[in-house]
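These are the residues of each chain, in order.
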Amino acid sequence: MDALVAAVTVFVLAIFVGFEIITKVPPTLHTPLMSGSNAISGITLIGAVISTRVDNDALATVLAVAAVAFAMINVVGGYLVTHRMLGMFKRKG
Amino acid sequence: MNTFLIDEAWVNLAYIVASVMFVLGLKGMAHPRTAVRGNLISAWGMLLAVVVTLLAEGLSYQWILVGALAGALVGAVVAVRVKMTQMPEMVALLNGFGGLASVLVAGTAFMITREPDVPMTVATGLSGLIGAVTFTGSLVAWGKLAGVIPGRQLGFRGLKAFNALLGLGVLGCVAWLTADPSSTAAYWIIVPASCVLGVTLTIPIGGADMPVVIALLNSYSGIAAAATGFVLMNNVLIIAGSLVGASGIILSQIMCKAMNRSLSHVLFGSLGPSAGGPSADQVYGGKVKSAGPEEVAMLFDTARRVLIVPGYGLAVSQAQHTVRDLTNLLEARGVKVEFGIHPVAGRMPGHMNVLLAEADIPYDRLKEMDEVNSEISQVDVCLVVGANDVVNPVARTDPQSPIAGMPIIDADKAHTVVVVKRSLSPGFAGIPNPLFAADNCLMMFGDGKKALVDLVAALKES
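Top line first, the protein sequences correspond to chains E and A.
Here my numbering is used: the first residue of the first sequence is 754, the next is one more, and so on.
Here my numbering is used: the first residue of the second sequence is 202, the next is one more, and so on.
Hints in this document: simulated from the structure, not taken from any laboratory.
Cβ atoms here follow ideal geometry from the backbone N, Cα and C, with glycine treated the same way.
Careful: at least some of the hints might be erroneous.
Computed Cβ-Cβ distance ranges for the label pairs, DEER-style [what the hints assert, rightly or not]:
(1) E:Thr762 to A:Leu372: 20 to 30 Å
(2) A:Ser491 to E:Val765: 57 to 67 Å
(3) A:Trp245 to E:Thr762: 24 to 34 Å
(4) E:Val765 to A:Ala376: 18 to 28 Å
(5) A:Ala210 to E:Lys845: 17 to 27 Å
(6) E:Val761 to A:Trp245: 50 to 60 Å
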């Protein structure tokens with residue numbers, strides 16, 4: 754139960770931190786913000802990695818490998834496309 | 202559940218460092234100057250979190266490699282090839298994959314844990330629910346954006362009741378799972394039922410509301426990741442997921458405010474055909490003035506200050522580069538050119554800004570709605586390209602209108618307005634726009650890009 758309370762604490766505080774920093778993002782960057790946060794939500798990748806175990810049965814292995822692949826699409830696709838987009842934003846020059 | 206090759210304290214410390222890097226990365230998004238670095242910090246944080254996770258004992262590295270290579274390849278190819286006009290579709294798909302990954306991770310973790318406790322089971326059920334709704338909801342959103350599914354509101358009588366029953370049923374399954382954590386079957390009922398729910402919740406939402414829906418699904422994908430964090434009791438998942446969840450919620454609120462609608466109205470209300478309101482014939486009858494490129498070029502010849510208001514039509518006709526040419530031409534003649542960006546112009550938050558950035562238009566020329574409205578009376582020519590509802594003065598004047606009270610760009614208050622548009626067809630709100638019939642308005646009918654190419658040519662000749 755202690756672990757759960759600690760996790761809920763982290764959850765609530767992280768949401769507040771999220772609200773504080775995201776409200777400062779200007780509308781110009783809202784699209785890169787979304788693709789960048791897509792990449793961050795690819796953090797499920799570490800959950801997928803940790804579930805890909807040698808002692809898994811066949812079904813669990815298939816599910817875990819699929820999870821790794823989809824999370825990886827988010828991580829790689831998200832960060833790359835965000836980088837590509839942000840590189841286009843230029844000042845007058 | 203897992204033991205690590207190094208002391209687990211180090212792993213958890215690395216996770217905290219990674220979480221801080223995500224926060225710093227998002228903080229960098231506060232300004233275009235710092236955003237590139239922010240994104241890189243966030244990416245390094247991700248790498249750190251993954252690398253320490255690989256130190257867990259008993260992992261099947263060859264299978265991880267298979268999945269990672271496949272995902273990285275697909276992700277990289279898509280990220281490099283996607284057109285900027287297709288960013289809404291891309292983000293919708295990424296949202297969906299994030300949700301699906303959460304479903305799979307929670308399901309796998311649940312299967313391989315011998316004696317799951319209550320918090321884990323509840324989290325697994327919720328992860329399956331939110332993840333699956335995100336997955337199919339995003340696929341529907343993608344289909345609507347890509348034109349695979351009709352963009353209008355679809356549905357049948359009793360859809361709301363159906364959704365309510367299905368939603369309750371799924372929550373019942375979560376309760377069942379909690380009461381009897383050994384019932385893996387319950388999880389595999391929750392997932393397909395939630396998949397159906399994702400479709401039936403998204404399909405009645407019309408194309409104009411897509412910015413809200415994408416932002417909301419973005420939030421869901423984060424919340425699903427956070428729920429998966431509760432399944433694995435892993436802080437970095439919880440923190441990263443919450444950050445994304447908060448981000449999506451804020452964006453959907455901004456979009457709702459920009460349409461003067463509540464979130465629940467977007468999700469569950471239906472924008473019926475406007476009853477009453479004047480018909481297109483009453484509004485336009487004989488009052489619409491159409492102009493050719495030469496005529497419009499003459500207007501620009503005498504203008505000192507020009508405001509360009511882009512809408513979704515700009516993206517459809519890929520006119521952003523031609524707009525840039527026009528801007529450069531006008532600026533070379535000493536005209537001040539600015540862009541007025543409505544928050545819901547386009548199909549996702551910030552869509553127009555990315556398109557114009559792609560065409561090398563400096564971001565400091567892109568002004569927000571409030572800023573342009575305060576100076577709009579000094580604008581000589583306001584050029585509206587492929588926008589409709591966001592410049593419809595009815596929002597200010599007619600309290601009965603479906604868009605009443607929606608903040609708009611007051612294009613009608615500029616000295617002269619030129620509207621580039623295919624036809625007089627209504628926008629998503631389905632109502633005629635009196636701006637097009639206003640005394641100070643000229644319509645330039647045609648495809649956005651072609652009309653602007655003609656205009657640039659005419660300007661060069663004059």
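We went through each hint and held it up to the structure:
1. E:Thr762 to A:Leu372: 20 to 30 Å: holds (25 Å)
2. A:Ser491 to E:Val765: 57 to 67 Å: Holds: the Cβ-Cβ distance is about 58 Å, inside 57 to 67 Å.
3. A:Trp245 to E:Thr762: 24 to 34 Å: holds (26 Å)
4. E:Val765 to A:Ala376: 18 to 28 Å: Holds, at about 24 Å.
5. A:Ala210 to E:Lys845: 17 to 27 Å: Taking Cβ atoms as reference, Ala210 (chain A) and Lys845 (chain E) lie about 50 Å apart, which means the hint is violated.
6. E:Val761 to A:Trp245: 50 to 60 Å: Once the Cβ atoms are compared, 28 Å apart, the range 50 to 60 Å for Trp245 (chain A) and Val761 (chain E) is violated.
Comparing the model with each numbered hint stated earlier shows that hints 5, 6 do not hold.
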